[in-house]
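Novice: If you want the building blocks of each chain, they are given just below.
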Amino acid sequence: MRTSFSKKIVSAALLMSLVFGSAVASADQPIDPDNGSTVDVVGTASATTIVVTMPTVLSFAINPNNVKPFTSVPATVVNSTYAPVDLQILGITSASGTDTKVVDAASHTDQEWSALGRSATTSQIALGLESVSGTPITVWSPAEIEGVTPSVSAGTFPLEPNSSEEIQVVAKHGNAWDVAKTLNYKLYVRVALTEG
Amino acid sequence: MSENERNRQKNSRNRNRWIGIGAILVIAVLFIFLRSCNHDSDPVDKKKPVPLPGGGEVLDGDLPHMSDDAIRDYLKQKQDASMFTVTVNSEATIQKGSKTLHLMVANPERNSLECYVEVIHKGETLYTSPLMKPKQYIQKAELSKPLEGDKNKLIVRYNIVYQGEIVGVQETEIMAVTKS
Numbered sequence: 635m636r637t638s639f640s641k642k643i644v645s646a647a648l649l650m651s652l653v654f655g656s657a658v659a660s661a662d663q664p665i666d667p668d669n670g671s672t673v674d675v676v677g678t679a680s681a682t683t684i685v686v687t688m689p690t691v692l693s694f695a696i697n698p699n700n701v702k703p704f705t706s707v708p709a710t711v712v713n714s715t716y717a718p719v720d721l722q723i724l725g726i727t728s729a730s731g732t733d734t735k736v737v738d739a740a741s742h743t744d745q746e747w748s749a750l751g752r753s754a755t756t757s758q759i760a761l762g763l764e765s766v767s768g769t770p771i772t773v774w775s776p777a778e779i780e781g782v783t784p785s786v787s788a789g790t791f792p793l794e795p796n797s798s799e800e801i802q803v804v805a806k807h808g809n810a811w812d813v814a815k816t817l818n819y820k821l822y823v824r825v826a827l828t829e830g
Numbered sequence: 732m733s734e735n736e737r738n739r740q741k742n743s744r745n746r747n748r749w750i751g752i753g754a755i756l757v758i759a760v761l762f763i764f765l766r767s768c769n770h771d772s773d774p775v776d777k778k779k780p781v782p783l784p785g786g787g788e789v790l791d792g793d794l795p796h797m798s799d800d801a802i803r804d805y806l807k808q809k810q811d812a813s814m815f816t817v818t819v820n821s822e823a824t825i826q827k828g829s830k831t832l833h834l835m836v837a838n839p840e841r842n843s844l845e846c847y848v849e850v851i852h853k854g855e856t857l858y859t860s861p862l863m864k865p866k867q868y869i870q871k872a873e874l875s876k877p878l879e880g881d882k883n884k885l886i887v888r889y890n891i892v893y894q895g896e897i898v899g900v901q902e903t904e905i906m907a908v909t910k911s
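Read top to bottom, the protein sequences are chains A and B.
First residue of the first sequence? That's 635 in the working numbering, and the numbers climb one at a time after it.
First residue of the second sequence? That's 732 in the working numbering, and the numbers climb one at a time after it.
Chain B extracted, bound-state conformation:
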């Protein structure tokens, strides 16, 4: 056997040895990796207490709700607290050609809310009053234009105000009589 042939065989054995060592290392690494992946499902870990899904308190019983009577009481209280009285003379007078309408419109003492009134003729607002507190009234309105004819139906619209917002609208129909 020549020197060259012996060297070739020796090299071949060394290469096979290294391939074998490499294969063993790869298998060992794979084994360690797979073992680390399955760590959470370790039967020993399952014995640990399961953490709570959230905070708070769990109560016994069905969902609570207001009883029908409680709802009715609540609604009744709201309604009764909002009572408002309109007080208007059913007749107003105006001189022919004049724009000063004499009418009596009050925000009576029994009310708790402020209001202002509008005088409306055929859908057109002819007068808007200042804000009236309870126990205040107006006795004349300066219309934006005179009324024609002897008798005119007018609408006195109460705008009931609470905290700067209109919370109710109540109208009263009156008759304006023109005097010559």
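Pulled out of the complex, with its shape left as it was, chain A reads as follows:
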């Protein structure tokens, strides 16, 4: 008997809620029998936070007494952004105290590079970056200009959302090093959300 009464109460409540609910809906948004109703949908999108990790030092070694004189190792660039970003290479410049300046890679043919004499070897080098994983891309730094900070993109490595890419230094250089040298360079990069 008590159970039966409870069921009736619940049923009545449900029925009233349906009637009341539909009454509210019909009062706020009249339904056009031909076109249906329109409902405003309001959303908010926060600005994306760009989070990218990459090394500040890209190392290489030149051993002119080896068949393959140039050695570099891959560096990992991590895009922790949940959106695609472009890693733009602006340029590479020599740090103070390094006399071997960055020149255009096309300033010599490969044969000419390997035939450079002592003076040219110790004063010129072409540096760039290449992708190790993914689509093969090589970006050569433009020639450095004293006192000028590189600001124009020389090439781009696209980074997928929440992914990593391996890049490494490439170089063109002479082999006539009369003394051992420590060469220090600064790499200028820019990260931006991918256009398009």
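A hint or two may mislead.
Below, a list of computed lysine-lysine pairs in the DSS-like style, where the Cα atoms sit at most 25 Å apart [as the list claims (entries may be wrong)]:
id, chain 1, residue 1, chain 2, residue 2
1, B, 853, A, 702
2, A, 815, B, 807
3, A, 702, A, 735
4, B, 853, B, 910
5, A, 702, B, 809
6, B, 884, A, 735
7, B, 809, A, 735
8, A, 815, A, 702
9, B, 809, B, 864
10, B, 910, B, 882
11, B, 871, B, 882
12, B, 884, B, 910
13, B, 910, B, 876
14, A, 815, B, 809
Each pair of labels, with its calculated beta carbon distance range [unchecked claim]:
id, chain 1, residue 1, chain 2, residue 2, range
15, A, 679, B, 879, 18 to 28 Å
16, A, 697, B, 906, 41 to 51 Å
17, B, 893, A, 771, 24 to 34 Å
18, A, 733, B, 876, 32 to 42 Å
19, A, 683, B, 895, 24 to 34 Å
20, A, 712, B, 906, 16 to 26 Å
21, B, 879, A, 770, 34 to 44 Å
22, B, 799, A, 770, 20 to 30 Å
23, B, 873, A, 670, 46 to 56 Å
Keep in mind that the hints were calculated from the coordinates and are not lab data.
Beta carbons are placed, not taken as given, at the ideal position from N, Cα and C, and that holds for glycine.
We have chain A already, so just place chain B on it with the hints.
Specialist: Just chain B, lined up with the frame of chain A:
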């Protein structure tokens, strides 16, 4: 034979005698001199041990060098130790006519190096932050002049500092939205 003639002959003999003695002395001196000059090439001296040309140690084998793997390991270690993370909100806001730019730029905790940032608009630096240690951030920048227009692309340049020198430069492109 007159007395004078005998004296002349005697003097002549004496002179010849002295010339002969002088010649013998000169020959003797020359002989001694030449003998002293050839002293080093005396076969007896050659039997002495030749002195060493220098000090130090002579090692067997070819010139040692780092192996390719050792060079790669060294380079890899240097690179991995220099990892740096930039964290920037891609949007900044500014009130129309104001010079206070609201932006979020951090030197996250995972970094080990200090940095400072510059806000650059069309090649002109409008703001330079104080030095930020890891786990520090800024949320507004007082620009040297207000921005014009509704939207402006800005460059946030991270200057990564180690022992007072900039060791790396990483830039991030953001959008500044002007609100009225």
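Novice: All hints are to be evaluated individually against the structure, with a verdict given for each.
Specialist: Evaluated hints:
no.: 1; hint: B:853 <-> A:702; verdict: violated, 43 Å
no.: 2; hint: A:815 <-> B:807; verdict: holds, 19 Å
no.: 3; hint: A:702 <-> A:735; verdict: holds, 21 Å
no.: 4; hint: B:853 <-> B:910; verdict: holds, 20 Å
no.: 5; hint: A:702 <-> B:809; verdict: holds, 21 Å
no.: 6; hint: B:884 <-> A:735; verdict: violated, 31 Å
no.: 7; hint: B:809 <-> A:735; verdict: holds, 22 Å
no.: 8; hint: A:815 <-> A:702; verdict: holds, 18 Å
no.: 9; hint: B:809 <-> B:864; verdict: holds, 21 Å
no.: 10; hint: B:910 <-> B:882; verdict: holds, 9 Å
no.: 11; hint: B:871 <-> B:882; verdict: holds, 17 Å
no.: 12; hint: B:884 <-> B:910; verdict: holds, 15 Å
no.: 13; hint: B:910 <-> B:876; verdict: holds, 16 Å
no.: 14; hint: A:815 <-> B:809; verdict: holds, 17 Å
no.: 15; hint: A:679 <-> B:879: 18 to 28 Å; verdict: holds, 25 Å
no.: 16; hint: A:697 <-> B:906: 41 to 51 Å; verdict: holds, 46 Å
no.: 17; hint: B:893 <-> A:771: 24 to 34 Å; verdict: holds, 29 Å
no.: 18; hint: A:733 <-> B:876: 32 to 42 Å; verdict: holds, 39 Å
no.: 19; hint: A:683 <-> B:895: 24 to 34 Å; verdict: holds, 30 Å
no.: 20; hint: A:712 <-> B:906: 16 to 26 Å; verdict: holds, 23 Å
no.: 21; hint: B:879 <-> A:770: 34 to 44 Å; verdict: holds, 42 Å
no.: 22; hint: B:799 <-> A:770: 20 to 30 Å; verdict: holds, 23 Å
no.: 23; hint: B:873 <-> A:670: 46 to 56 Å; verdict: holds, 52 Å
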